[in-house]
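Colleague: Residue strings, one per chain:
There are 2 protein chains.
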Amino acid sequence: MPRVVVDVVVKPEILDPQGQAILRALPRLGVHGVRDVRQGKHFEFDVDDDVDAETLQRIAGELLANPVIEEWTVHWR
Amino acid sequence: MPRVVVDVVVKPEILDPQGQAILRALPRLGVHGVRDVRQGKHFEFDVDDDVDAETLQRIAGELLANPVIEEWTVHWR
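Protein chains in written order, with our numbering: chain A, 102 to 178; chain B, 102 to 178.
Only chain A is shown next, with the shape it has when bound in the complex (with noise of 0.2 Å):
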């Protein structure tokens, strides 16, 4: 059964305080060298083979994410 994934960040220009907060933790744990955290959310689906792109863009748009401050991306896996 295949099996798409769907990522949501939101959007470059929109602040992130939770990928923040992760940066500016990582000096704490001896970790130096990262520049830049997104945080975003991530799902899988496993769907029947006639499961679409189409549809996984619809489910992504009205369900998943809020297009105003989020962007997303769908992959097959």
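Possibly wrong hints are sitting among the right ones.
Identical chains blur together in the list; that is why a pair holds if it fits in one copy or across any two.
[Unchecked claim] Restricting the straight-line Cα-Cα distance to at most 25 Å, the calculated cross-link-like pairs of lysine to any residue (SDA-like) are:
(1) 112 / 131
(2) 112 / 151
(3) 112 / 102
(4) 142 / 104
(5) 112 / 173
(6) 112 / 129
(7) 112 / 137
(8) 142 / 105
(9) 112 / 149
(10) 112 / 134
(11) 112 / 125
(12) 112 / 155
(13) 112 / 170
(14) 112 / 175
(15) 112 / 140
(16) 142 / 162
Simulated from the structure, these hints should not be mistaken for laboratory data. Every value quoted in this text rests on a predicted model; they were computed, and no experiment measured them.
Assemble chain B onto chain A, guided by the hints.
Modeller: Okay, now just chain B, sitting in the frame of chain A:
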């Protein structure tokens, strides 16, 4: 600058009420043929060239995920 993606999902044996809520909402959108949905977290890291996979694994296990109930993947994009 390399970009590294970390995806965190609940382990298969752990209930995922967020994914189940999405699954139940799909017929109302007129979508059929989706058999399962899992929701997780998605992280994008912009890192220097010398940041290695071991470091990202440590960040995931100590900062991004709860290893008791979640598992993760790390991949360079």
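Colleague: Honestly, which of those hints from before does the structure not fit?
Modeller: The structure breaks hints 1, 2, 6; every other hint is satisfied.
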